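With the hints as a guide, bring the two chains together.
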Amino acid sequence: MGLELEDVRVTYPDGDRRLTALAGVTLRVAPGELVSVLGPSGSGKSSLLAVAGLLLTPDGGRVRIGGVEAAGLRGGARDRLRRERIGFVFQQANLLPSLTALDQLLLSAHIRGESVRSARGRAERLLERVGLAARRDRRPHQLSGGERQRVGIARALLGRPRVLLLDEPTSALDHERGVDVVELIRAVTAEHGVASLLVTHDQAHARRADRAVVLRDGGLC
Amino acid sequence: MFIAIRDLRFARGRFALLGGVVALMTLMVVALTGLTAGLRAAAVSAVDRLPTAYLALEQPPDGAQPSFATSTLTAEQVAALGAYPLGISTNRLAAGGRTTAVTVFGADAALLPPLRRGAAGGLALPADLAADLGLSPGDPVELGGHPQTVSALVEPVSFSHLPVVYLPVPAWQALARTDTVTAVALAAPPAAPVPGTVLRTRAQSRDAVGGFSSEQGSLDLMRGLLLVVSALVVGAFFTVWTVQRTPDLAVVRALGAGRAYLLRDALGQAAAVLLAGAVLGGAAATGLGLLAARAVPYVADASTVAPPLLAMVGVGLLGAVVAVRRVAAVDPITALGSAR
Ligand SMILES: Nc1ncnc2c1ncn2[C@@H]1O[C@H](COP(=O)(O)OP(=O)(O)O)[C@@H](O)[C@H]1O
Ligand SMILES: [Mg+2]
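Protein sequence lines correspond, in order, to chains A and B. Residues 1 to 221 (the working numbering) are what the first sequence spells out, left to right. Residues 1 to 340 (the working numbering) are what the second sequence spells out, left to right.
Same shape as in the complex, but just chain B (with noise of 0.2 angstroms):
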């Protein structure tokens, strides 16, 4: 690293420049991480937070994806599978004066997020929807046009971006108005399969949610491009900035540096760059997540941001490698004879 620390304060300017651009690049990797984990969470986290690893759908006609939307299951359907019914609607959620949209889960107790306040049994509520809408256990409102009274508050979760509120199955029901149910939670698969159901598991039902894998494909799309995009300008930058000094690298050889040497140089400046860039794009990044997770569904914590500030500092790298590894085949005899 003896040239490369002083090439980066020699050229400080051209550095910083693309220590700017991997610092802009890192910024929106990350925050496109910290955006997707948020809507993934505002879609799913209710699927995600289910004690069971299996769900059962309705098999779609010819060959479609099982869909929370339009599945329903007979109580024949659902005795054969044998355990936890699961009845999801979307109604409005009136109290105080204020209304808002919310997604119903009939649900058995045991397929609730932890409780915080007041006893199952009754409508729970996300414990933030509650606070929100001023509300605690023993509070009258109305789901459906339906006079309730709150009787918990548990860990807030959300299903396809609407907050999540419980109610006992047979109380769903007759919400619902049906006397079927949406899917049944399963702790293991069922002795002999149940005809006209399809078996998921919990991860995979997610992209039964509706728009759940179209919205996070796009995402993850967006993020993979951003990433061959930096690959690409740090590897076109190395390439033009070797090119340039070539001269000068045939001279280092010819006083007896190995390639090695070279390419340990190359690799430790594109390398120090990189994480500069990185570090502070994933800083900003994170401070502005910060802000945004009050308006927008918005993760910023270890997981959202390290492993693409990581991925950054990767891919740069290996645009690094391509562009320096013509270091290894100067050749230090151009050192000697005509000028350059």
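This is chain A alone, in the form it adopts within the complex (with noise of 0.2 angstroms):
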């Protein structure tokens, strides 16, 4: 249960050559255990993320999201299992410049084609709970960085899902706002069960989960 990968490879095409960039990764994350992903830039951090978030089919290896093995999926069901059991947090946050914090959540219910209004109690729960109740109506450029990914952080969970996965969430902040953040994330890890795979190349963050695992030439060390 929880993600589960196994010895999964990816590569990219290269000229007329393959450019390795994960060499057969064995990865688990339990219900509710915050891993963190070390790893110089080009190492292989955002391919293991987009493998284990099914935006990327690896060339070998298995995947399995909440016990559903991934690999045979294409098109329409991974794109059903994603939504259902994935919450991703972005580098940016990524929100949408026109939806409001409370919106950005909503339109994770509405993708998922459950109604927007039964979603609406949850919605503002989640914000209370990252500490935006007060922030609900405004948009991504009324928000600092910070409450930007705390708002992506709370969209991630709306779905209820068994994986998290956080792309470099804390790269646009400053330390101190860092910290806050990624104690946030090991916090509703826990509180939400959910298994946590967040990449960072701050070795000061990765210490505050609960395991650290660094990935060096797309192998882990």
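Please note that the accuracy of each hint is not assured.
What the hints assert, rightly or not - Interface residues of chain A toward chain B, partial, derived using beta-carbon atoms under 7 angstroms:
#1 SER46
#2 ASP180
#3 LEU184
What the hints assert, rightly or not - Footprint (simulated), chain B over chain A, 3 or more residues, beta carbon under 8 angstroms:
#4 26–34
#5 75–86
#6 98–108
#7 111–121
These are computed hints drawn from the structure, not numbers from a lab. Note that this is a predicted model, so its numbers are computed, not measured. Using N, Cα and C, we set each Cβ at its ideal position, and we do this for glycine too.
This is the structure:
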């Protein structure tokens, strides 16, 4: 259960050869556990998240999300599994400019085909949980970087995911704000029993996770 | 439409601009359609209102199109064709010190438009012209310099942009100083072809009215060009708009939205802007048209407003579809990784 990656291999076309981005990575993240992935630029961190998030089909290996094998899934079925089991938090929060904080969360409910009205209460509680109850009607340009990331975290949790994938969520923040965000991630991971994988290149942030792994040249070490 | 509605509110300036352009284009297309219909009625409504399905005209020499202006049919040809000789000429109608140009139809009572007052069998005037000149059945007028008495008022029709007055065929021949007629109206094709004549359906014979097809053709060309320009403008707008927000769309895809979700949202947005703009433009055109109808030939009714309005929305959507198709190609993976 949680997130299970087994001997995952990813290559990219590179001229007439192929560049290996992930060379057989095996990683398990249990429900309620926060695992951080450290690694220099180009070590394959984003590729790892893309595979775990069903955005990229690996050249080999297995990916299980909450116990569901994703290897054989294509197109719509992959979109559905992603929608129902996976929450993403992106590097720049990647909120939609025209939506208020509350609407960012409700959009994710709408995408999942959930009634926006019935999701509203939970969305408001999640915003409160990440400390933004008073900011729910603000648009991204009216929020600070840290606030935007908190909205992103609340948005990712709204769909009750089994797996939470965080792509350098602190890279645009100063250290203290980054610490706050990582602590928030740690807390909600435990509260929601979600398997969280946090990509970062900040060692201090990585150490706050339950477990830290290091990726180098496409392999864990 | 979750995102679409919020985008419309958030970027309302940009969408108002596009809606305004769509409204202006719709205004022009609807106005041109009303004018086209008005000019068509002014040119050929007398032909359209004939109760017969066919018209026979003189066969012009080598391949030329038959024309009411030059066609003459002899008494023998009329006899061979059988029914309803029709003479057409242009004359002056004078009454009470005022003079106006009219088209005179020399026609059997069977070819007259519905009678409003009086009795057929003498000079029948269109009711609106009679009202303008203050004439009633029994009043004297001069037609082509000959004294006549108004005997009936009929529903107004016109021919070649002039109101049509009706005379019995012998009276018309006396006025035109001829023993021929211009054409023959027929309920059915003759049993055998009559030498020197060509047969046209009522609709085809509109083209025998001088200038009709070129007039309508140039108006149609203008309307067509406007529709093409609209499709291009709307397509260009949504192309830029879609390219601009591709990173946002990648995020929405990564959140689990399928391609259909994005397409529905984007097309719904385009349809909303188009409909709003088109309805606004159509309403403005109808208002202006009703005013213009007092001065120029203009038809403002459902048949001249709804089709061009729907065509505007249709071609706009076509442009938008071409533009937003690319949202289906947005790769959610681009939401990950490097800063944008
Ligand atoms: N779409 C791609 N096409 C080709 N090479 C790629 C692509 N994405 C990543 N790579 C390469 O794969 C390796 C791993 O990249 P990535 O997973 O982005 O690492 P990180 O996120 O740790 O910087 C790098 O060498 C990178 O250049
Ligand atoms: Mg990266």
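Here's how the hints hold up against the structure:
no. : hint    : in the structure
1   : SER46   : holds (4 angstroms)
2   : ASP180  : violated (21 angstroms)
3   : LEU184  : violated (20 angstroms)
4   : 26–34   : violated (count 0)
5   : 75–86   : holds (count 7)
6   : 98–108  : holds (count 6)
7   : 111–121 : holds (count 3)
Hints 2, 3, 4 from the earlier list are contradicted by this structure; the remaining hints agree with it.
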